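Work out the full structure: start from the sequences and follow the hints.
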Amino acid sequence: MAKVTVLYFASLRDAAGMSSEVVDCEGDLRALYGELRERHGFALPVERLRVAVDGAFARWSDEARDGSEVAFIPPVSGG
Amino acid sequence: MAKVTVLYFASLRDAAGMSSEVVDCEGDLRALYGELRERHGFALPVERLRVAVDGAFARWSDEARDGSEVAFIPPVSGG
Amino acid sequence: MTRFLLAQTPIDTATLRAELLDDRVGGYASFEGWVRNHNEGRDVLGLRYEAYASLAQAEGEKVLDEACAKFDILDVRCVHRVGDLVIGEMAVWVGVSAAHRDAAFAACRYVIDEVKARVPIWKHERYAEGDAGWLHPDTKP
Amino acid sequence: MTRFLLAQTPIDTATLRAELLDDRVGGYASFEGWVRNHNEGRDVLGLRYEAYASLAQAEGEKVLDEACAKFDILDVRCVHRVGDLVIGEMAVWVGVSAAHRDAAFAACRYVIDEVKARVPIWKHERYAEGDAGWLHPDTKP
Chain A
77 MAKVTVLYFA SLRDAAGMSS EVVDCEGDLR ALYGELRERH GFALPVERLR
127 VAVDGAFARW SDEARDGSEV AFIPPVSGG
Chain F
77 MAKVTVLYFA SLRDAAGMSS EVVDCEGDLR ALYGELRERH GFALPVERLR
127 VAVDGAFARW SDEARDGSEV AFIPPVSGG
Chain D
4 MTRFLLAQTP IDTATLRAEL LDDRVGGYAS FEGWVRNHNE GRDVLGLRYE
54 AYASLAQAEG EKVLDEACAK FDILDVRCVH RVGDLVIGEM AVWVGVSAAH
104 RDAAFAACRY VIDEVKARVP IWKHERYAEG DAGWLHPDTK P
Chain S
4 MTRFLLAQTP IDTATLRAEL LDDRVGGYAS FEGWVRNHNE GRDVLGLRYE
54 AYASLAQAEG EKVLDEACAK FDILDVRCVH RVGDLVIGEM AVWVGVSAAH
104 RDAAFAACRY VIDEVKARVP IWKHERYAEG DAGWLHPDTK P
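These protein sequences, in sequence, are chains A, F, D and S. Here this note's numbering is used: the first residue of the first sequence is 77, the next is one more, and so on. Here this note's numbering is used: the first residue of the second sequence is 77, the next is one more, and so on. Here this note's numbering is used: the first residue of the third sequence is 4, the next is one more, and so on. Here this note's numbering is used: the first residue of the fourth sequence is 4, the next is one more, and so on.
These are calculated hints, taken from the structure and not from any lab test.
Taking lysine to any residue pairs in the SDA-like style, the calculated list, with each CA pair at most 20 Å apart, reads: (1) D:Lys119 / D:Leu138; (2) D:Lys65 / A:Ser153; (3) D:Lys119 / A:Glu123.
For clarity, every value in this text was computed on a predicted model and none was experimentally measured.
If you want it as structure tokens, here you go:
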């Protein structure tokens, strides 16, 4: 069981009603997003997101490491 | 016989030693350049030039009109 | 050196441009994205940009490194605003210096395209009708 | 209105750019040509631009009209210096505003390419070796 800090941005933050939370997590990052999507009712499917761990892009199949910071990156719209 | 004012720019002006002159002219603009090229020793052949009459691009086959201003345009190098 | 920046305040292009001046420069290409009063057929009153700052900084810097590697340029900078912006304000600026214009144009285009596609910054628009929302374009990030 | 200008004095891009500001603008692309310290392998000390002013003005304006017709842009301006310039000075500036960046980039590129190819302006370079000469590039005018 890993304890990770999850960061929410843009529409994910609005839907979660918070910009971050600490969650317990088993399995990979894809499973983590699936669980949180269900909890918060996120509209975006995992296919439309990217994921980052500790400030660097990561793979959905990566395991969540204890103490790490996980960010789900919705489609960007800068510029 | 038409009397025209000829304008020289860039290397043509340096070769002619003047920025303009009034010349008598028979025939078309191509013939006029040929004559002036011989007189001033211009290096550039007519194929590398454009010609303008009274501030607008013209055709080499145009006749020189009395009182008009003729400019020979060497390859440009602005920018 | 940091060549990609997130800015909380209006972008001063004159100072940024001056940093790219160099006797070897023959061509300088720049692009600015400004906040329009309309988007996809809707009237826009204003907007807000939010960034995942640490990752945006790293990914923006990576885009500029790529531009330097791909194109024969002398230098490149990019600044993106975060926070609240009004209509007409500059949202993003890219500046590229090169010996020749081909490389300057190509690199400038590359940077703005990649920044828009990859750097974690999100736009929140407020509309004349009173509603507002985050833009999450439906293209592969 | 005159959108193409020949300038005897240094170009103030901030003022020119401000004239292109408009609430509908989403993208602004600009290009500047600066005097390099080298050209075709030779060290350049400085240069002079000479124009056939009346025809340059008319042909420059024509290039900008074409850019407006060909691309979906809001406005475009171009200024070209004449007279003596030192290394690092701006020789030419192009600014284009558009709703979207594709058109802004394409029009900016079109204008600088056509101005260089067609507008009767000539460059006279002074070299470190002491000689000097007019540039008459060997391409179809």
